[in-house]
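> Residue numbers (numbering that gives the first Met the number 0), protein chains in the order written: chain A, 0 to 391; chain B, 0 to 257.
These are computed hints drawn from the structure, not numbers from a lab.
A couple of the hints might just be wrong.
To be verified - Derived pair list, reagent style DSS-like, types lysine-lysine, alpha-carbon separation capped at 30 Å: (1) B:Lys91 to A:Lys189; (2) A:Lys189 to B:Lys199; (3) B:Lys244 to A:Lys75; (4) A:Lys149 to A:Lys78; (5) B:Lys79 to A:Lys189; (6) B:Lys202 to A:Lys189; (7) A:Lys189 to B:Lys115; (8) A:Lys152 to A:Lys78; (9) A:Lys78 to B:Lys237; (10) B:Lys237 to A:Lys75; (11) A:Lys189 to B:Lys215; (12) B:Lys248 to A:Lys78; (13) B:Lys199 to A:Lys262; (14) A:Lys262 to B:Lys202.
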Amino acid sequence: MERLLKPTFWKVVGTVIFVLGLYTIYLRFTGGLAAVTNLNDHFPWGLWIGFDILCGVGMAAGGFTLCAIVYIFNIKKFKPIIRPTILTAFLGYLLVILALLIDLGRPWAIWHAIIMWNPRSVMFEVAWCVMLYTTVLFLEFSPVILERFKVEKLLKIIRGITIPLVILGILLSTLHQSSLGALYLIVPSKMHPLWYSTNLPWFFYLSAIGVGCAMIIFESYLSAKAFKKNLEFDLVSDVGRWIVVVMSAYLTWRFMDLLLNDKLNLLFVNSIETYLFWLEIIIGAIIPIILLAQPRIRLNRVGLFVSACFVIGGFLLNRLNVSVTSLQASSGVSYFPSVYEIIITLFLVTLGVTIFNLAVQYLPVYEKTKETIPIEFEVISDDELKTEPATK
Amino acid sequence: MKRKAFLIDITECVGCGACYEACKEQNNLPQTSDDPLRDSLSDKTYTIVEQRGDFFVRRMCQHCEDPTCVSVCPVGAFTKTEVGAVLYDESKCLGCRYCMQACPFQIPRYEWGSVKPRVQKCIMCYDRVKNGELPACAEACPTGATLFGDRDEMIEIAKQRLAENPEKYYQHIYGLEEVGGTSVLYISPVPFEELGFNTKLLKTALPNFTHEALAKIPTLVTVGGVLLTGFYWLTNRKNEIAREKFEEKKKQNLRGEE
Chain A
0 MERLLKPTFW KVVGTVIFVL GLYTIYLRFT GGLAAVTNLN DHFPWGLWIG
50 FDILCGVGMA AGGFTLCAIV YIFNIKKFKP IIRPTILTAF LGYLLVILAL
100 LIDLGRPWAI WHAIIMWNPR SVMFEVAWCV MLYTTVLFLE FSPVILERFK
150 VEKLLKIIRG ITIPLVILGI LLSTLHQSSL GALYLIVPSK MHPLWYSTNL
200 PWFFYLSAIG VGCAMIIFES YLSAKAFKKN LEFDLVSDVG RWIVVVMSAY
250 LTWRFMDLLL NDKLNLLFVN SIETYLFWLE IIIGAIIPII LLAQPRIRLN
300 RVGLFVSACF VIGGFLLNRL NVSVTSLQAS SGVSYFPSVY EIIITLFLVT
350 LGVTIFNLAV QYLPVYEKTK ETIPIEFEVI SDDELKTEPA TK
Chain B
0 MKRKAFLIDI TECVGCGACY EACKEQNNLP QTSDDPLRDS LSDKTYTIVE
50 QRGDFFVRRM CQHCEDPTCV SVCPVGAFTK TEVGAVLYDE SKCLGCRYCM
100 QACPFQIPRY EWGSVKPRVQ KCIMCYDRVK NGELPACAEA CPTGATLFGD
150 RDEMIEIAKQ RLAENPEKYY QHIYGLEEVG GTSVLYISPV PFEELGFNTK
200 LLKTALPNFT HEALAKIPTL VTVGGVLLTG FYWLTNRKNE IAREKFEEKK
250 KQNLRGEE
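The whole structure should be built from the sequences, with the hints applied where relevant.
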């Protein structure tokens with residue numbers, strides 16, 4: 000406890016952001032959105048939708064990506080990082096919901112989506128996916144809490160349904176990672192043609208898998224540093240190789256899409272959109288592909304981490320480009336987030352990091368992972384089969 | 000009741016602002032400007048008159064035939080009525096503003112300064128129209144620039160005017176096919192882009208784009224579910240076989256040592 004209260008630089012910064020965030024929330028709920036945001040009738044969605052929702056959901060994609068790797072493809076060596084990754088995803092979704100409560104004009108009506116159905120709406124689907132997937136993530140994470148408080152009966156039940164839960168989680172993620180892109184299918188005449196595409200849902204999905212892998216690397220690196228946990232970092236370098244595959248497919252598809260729709264000429268127009276498009280592509284796809292294709296960099300801790308940061312940076316830029324840049328020209332106004340909008344975004348990030356740290360301190364997120372994961376058998380590689388028994 | 004529509008003939012409009020005043024009065028909207036030509040659409044102004052060169056253009060909700068706002072609203076706060084009016088129900092609304100983001104005509108306005116904000120726009124004076132009356136703006140129009148009636152009839156009148164006076168009118172009825180058709184039709188003496196209209200709109204109703212994506216969901220879930228279960232079964236089986244082999248070899252080795 001004493002250690003928790005000891006002031007450090009980051010704790011001071013965090014506290015300041017926290018106080019400013021609460022003050023902003025107070026202003027927002029007493030003066031409406033106009034009191035704190037630069038949003039207006041011509042630009043109704045800004046940083047909060049672009050970053051807090053689109054990027055927030057995307058960065059939680061590590062959760063379903065790693066679940067697929069470990070449980071479906073049975074690559075068990077990643078088990079040690081599955082709990083922190085699921086925790087991050089779960090917190091990510093809780094923060095997305097919190098962000099929604101701040102951004103929605105009538106947040107007290109958020110539950111309406113449960114009983115007032117409009118299945119024609121992509122937003123309706125997103126709402127249901129967020130509700131269901133947050134529940135799934137909670138259940139996936141619940142063994143950690145149940146273990147801590149030794150609720151054996153429930154623990155048994157949850158373990159019994161791990162695989163169906165994982166499959167449900169992957170399906171829900173697939174649906175709404177892509178749906179976030181599908182939200183923009185309805186604005187073909189408003190969106191800049193460099194970003195508008197009927198393949199937008201697929202681009203969102205593929206890039207979410209890419210950033211999911213990058214987040215696994217990012218989190219492993221930071222966890223290993225911050226909590227002095229002895230994570231086998233080498234195993235994560237494999238994830239780097241998958242990024243090369245996923246992001247290459249993404250890159251090829253995006254350029255094919257431009258080619259097939261006769262949009263290649265737009266790549267050389269002198270406009271802010273063109274520059275931001277190239278920046279997004281270079282940072283998020285080209286640089287990390289080049290870096291991670293080289294084993295020298297992939298097998299180097301810092302090299303791998305930096306490459307993952309590029310993927311994440313490019314991903315964030317992509318989502319902000321889709322939600323802000325691409326709509327700027329047709330809106331007829333120029334939008335830049337207000338100080339308050341930025342404070343809320345920082346507030347959410349700070350809140351996430353703080354809760355993660357607390358959870359790691361008080362719950363068995365890293366400890367005892369080996370015994371507690373319900374699948375009994377380790378993967379036995381061919382090498383092991385050949386060598387290990389013979390050595391005896 | 001048949002589907003209704005406005006026909007706005009820009010050649011007839013003199014910019015008097017009678018429609019603007021009548022709308023304010025009918026909908027109990029506060030005064031926002033002394034000059035209707037200088038006002039803009041807002042949560043307190045459902046229609047405006049814009050001066051574009053020598054011409055005057057009324058702007059208001061287009062009441063699309065297949066409205067994007069109706070389609071995108073997650074809780075169904077928007078409805079397209081039988082007469083064609085697109086209505087908004089604040090008791091359902093979450094305030095997500097997807098309707099504003101999605102509207103191809105950039106019409107819905109929001110009460111940004113309110114802690115209980117609503118989306119506001121022209122509602123075609125639905126209560127009047129339902130009872131067989133004209134919308135306030137159409138009734139107030141002194142020149143007949145704003146006509147109102149059955150949509151089929153309005154289309155006929157528009158076509159007739161274009162055919163009878165080809166030198167007077169630019170040969171296009173705006174709203175007939177844009178985004179699948181709207182309940183507000185315009186005819187104009189000059190090309191519509193000169194009057195600030197969005198002429199790059201597609202002829203397909205925009206909800207079709209999202210419907211295509213949404214229609215794939217059942218297949219995606221079924222195929223995805225089967226594939227994932229299949230993969231799980233396969234990789235799990237492979238592991239079990241590997242383990243059995245391992246155990247067997249271990250036994251053999253032990254026996255060999257003995």
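> It remains to establish, for every hint, whether it holds in the given structure.
Cross-check of the supplied hints:
1. Annotation: proposed proximity of Lys91 of chain B to Lys189 of chain A holds, straight-line Cα distance about 27 Å (limit 30 Å).
2. With a CA separation close to 10 Å, the supplied pair Lys189 of chain A and Lys199 of chain B stays within the 30 Å bound.
3. Among the hinted pairs, Lys244 of chain B with Lys75 of chain A is consistent with the structure: their alpha-carbon atoms are about 18 Å apart, no more than 30 Å.
4. Between Lys149 of chain A and Lys78 of chain A the CA atoms are separated by roughly 21 Å; this keeps the pair inside 30 Å, and the hint holds.
5. Restraint check: the Cα-Cα separation between Lys79 of chain B and Lys189 of chain A comes to about 23 Å, which is no more than 30 Å; the hinted pair holds.
6. With a CA separation close to 15 Å, the supplied pair Lys202 of chain B and Lys189 of chain A stays within the 30 Å bound.
7. This hinted pair checks out: Lys189 of chain A and Lys115 of chain B have alpha carbons roughly 28 Å apart, not beyond 30 Å.
8. For the hint linking Lys152 of chain A to Lys78 of chain A, the alpha-carbon distance of about 23 Å falls within 30 Å, and the restraint holds.
9. Note on Lys78 of chain A and Lys237 of chain B: the hinted pairing holds, with a Cα-Cα distance of about 18 Å set against a maximum of 30 Å.
10. This hinted pair checks out: Lys237 of chain B and Lys75 of chain A have alpha carbons roughly 13 Å apart, not beyond 30 Å.
11. Taken as a hint, the Lys189 of chain A and Lys215 of chain B pair is honoured in the structure, with Cα atoms around 24 Å apart against an allowance of 30 Å.
12. Proximity of Lys248 of chain B to Lys78 of chain A is assessed by CA-CA distance (about 26 Å); at most 30 Å being required, the pair is judged to hold.
13. Straight-line distance between C-alpha atoms of Lys199 of chain B and Lys262 of chain A comes to about 17 Å, which keeps the hinted pair within the 30 Å bound.
14. For the hint pairing Lys262 of chain A with Lys202 of chain B, the CA-to-CA distance comes to about 21 Å; that is within 30 Å, so the pair holds.
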